[in-house]
Amino acid sequence: MKLSDQQKRLCEHVINVFESGSIEGNYAAISIYADGPHGVKQVTYGRSQTTEYGNLEELIEMYVNSNGLYSAQLKPYLAKIGVAPLLDDATFKQLLRDAAKKDPLMRKVQDEFFDKRYFQPAMAWANAGGFTQPLSALVIYDSFIHSGSIPDFLRKRFPATLPVKNGVEKDWIKQYVDTRHEWLSQHSKKILQGTIYRTQCFKNEIARDNWALAKIPIVANGVNVTD
Amino acid sequence: MLPRCIKAICGFVGVWFLLACSQSQPDLWIPENWKPSLEQVREQIDNLANQAAPASQQQLSQSSQNMADVADAQLFISYIQLMQRLDQQQRADLFKEQQAWLEARIQQASAAIISKGGSLAPLEYNDAFIEITEARLKDLQQRGDKHR
Numbered sequence: 014m015k016l017s018d019q020q021k022r023l024c025e026h027v028i029n030v031f032e033s034g035s036i037e038g039n040y041a042a043i044s045i046y047a048d049g050p051h052g053v054k055q056v057t058y059g060r061s062q063t064t065e066y067g068n069l070e071e072l073i074e075m076y077v078n079s080n081g082l083y084s085a086q087l088k089p090y091l092a093k094i095g096v097a098p099l100l101d102d103a104t105f106k107q108l109l110r111d112a113a114k115k116d117p118l119m120r121k122v123q124d125e126f127f128d129k130r131y132f133q134p135a136m137a138w139a140n141a142g143g144f145t146q147p148l149s150a151l152v153i154y155d156s157f158i159h160s161g162s163i164p165d166f167l168r169k170r171f172p173a174t175l176p177v178k179n180g181v182e183k184d185w186i187k188q189y190v191d192t193r194h195e196w197l198s199q200h201s202k203k204i205l206q207g208t209i210y211r212t213q214c215f216k217n218e219i220a221r222d223n224w225a226l227a228k229i230p231i232v233a234n235g236v237n238v239t240d
Numbered sequence: 061m062l063p064r065c066i067k068a069i070c071g072f073v074g075v076w077f078l079l080a081c082s083q084s085q086p087d088l089w090i091p092e093n094w095k096p097s098l099e100q101v102r103e104q105i106d107n108l109a110n111q112a113a114p115a116s117q118q119q120l121s122q123s124s125q126n127m128a129d130v131a132d133a134q135l136f137i138s139y140i141q142l143m144q145r146l147d148q149q150q151r152a153d154l155f156k157e158q159q160a161w162l163e164a165r166i167q168q169a170s171a172a173i174i175s176k177g178g179s180l181a182p183l184e185y186n187d188a189f190i191e192i193t194e195a196r197l198k199d200l201q202q203r204g205d206k207h208r
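Chain order of the listed sequences is A and B.
Our numbering numbers the first residue of the first sequence as 14 and each following residue consecutively.
Our numbering numbers the first residue of the second sequence as 61 and each following residue consecutively.
Among these hints, one or two may not hold up.
DSS-like cross-link-like pairs, simulated, lysine-lysine; straight-line CA separation at most 25 Å [stated by the list, open to error]:
1. A:K187 to B:K176
2. B:K176 to A:K202
3. B:K176 to A:K203
4. A:K93 to A:K21
5. A:K129 to A:K169
6. B:K198 to A:K203
7. A:K129 to B:K176
8. A:K187 to A:K54
9. A:K54 to B:K176
FYI, nobody ran anything at the bench for these hints, they're computed from the structure.
Using the sequences and the hints given, assemble the complete structure.
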């Protein structure tokens, strides 16, 4: 899968809109969710949201080692992340917000971190499957961000075979998007139905034959993404 | 590791239970006409999450967490209201029952996560958490009504 810089940027910006509502993404975003080990609440941070009991330590370590403006203040927290709960540590959360808002280095580190954690695994999956089109990259990357992978239970619901197994790439992507759209739009939980703007965006791009992501803007949840 | 809210509930109920054990008859700890309502808060969060203009994933996940927290607070209120209507043995039984139920809720909500590692996961967890909590809320409210 060979993407130009602009194609990759388009993919990232579309996903940023889906996730945060803004093209640039919200690098300072902090949420508290009860999705930690054994239902424990935890801090979730950054442009594509990494968790306290997941990979937040790795992200902060990368930042600390980069000698950013807030590296010295964040360094003592490396021993605590994932060990002691930090959701009520106002100083820690403010440092995370300040670093993202005031230090361009934190945004650069986050870009590198999320690229490694999500984009590269998604592209590795796409390459192994024999995909070559930029729109395929966007669909697969989105699935890794939203669902953590290409879920097996969805793959079993449509007949297309992977390009690497002599299938037709555009058929596979179209069927996967349709299947994912149907799953979300008919989900028993109403709030999950609210996420179909993602698959609707892909259906629109497939309908206008925008496989090279050359036709801009791409309308993502009502936002025009041009770059 | 137990969530802080569960620890707080257990701690509070534990202290309360010890105090209650020293009483021969269950006393009223909460005035009967004091009934904090969180219904409108829940409805407003629900409306925001389901508004016509679709929210971002972060907004949807935060709304679902807020709804889960409100449902849990409603359950806490109903649990305390029921507790004060029970005798000493019934209180001890309900405390144990609730401990086991809280553990089961974590297991069931965790099992509802399909999108492991994805941004959809908190939404899936919270939605299951809300459904399980609402069922328990209804149960405790019905039991509370019977003990009036």
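Now for the hints, and whether the structure bears them out:
Pair hint K187 of chain A plus K176 of chain B holds up; C-alpha atoms about 23 Å apart against a cutoff of 25 Å. With a C-alpha separation of about 17 Å, the suggested pair K176 of chain B and K202 of chain A falls inside the 25 Å cut-off, and the hint holds. In summary, the hint linking K176 of chain B to K203 of chain A is supported, as the alpha carbons are separated by about 20 Å, within the 25 Å threshold. With a C-alpha separation of about 35 Å, the suggested pair K93 of chain A and K21 of chain A falls outside the 25 Å cut-off, and the hint is violated.
As the CA atoms of K129 of chain A and K169 of chain A are separated by approximately 28 Å, the hinted pair breaks the 25 Å bound. In summary, the hint linking K198 of chain B to K203 of chain A is supported, as the alpha carbons are separated by about 21 Å, within the 25 Å threshold. Under the criterion of a C-alpha separation no larger than 25 Å, the hint pairing K129 of chain A with K176 of chain B is consistent with the structure, at around 18 Å. For the given pair, K187 of chain A sits about 37 Å from K54 of chain A by alpha-carbon distance, which is inconsistent with the 25 Å threshold.
The straight-line distance between the Cα atoms of K54 of chain A and K176 of chain B is roughly 16 Å, inside the 25 Å bound, and the hint therefore holds.
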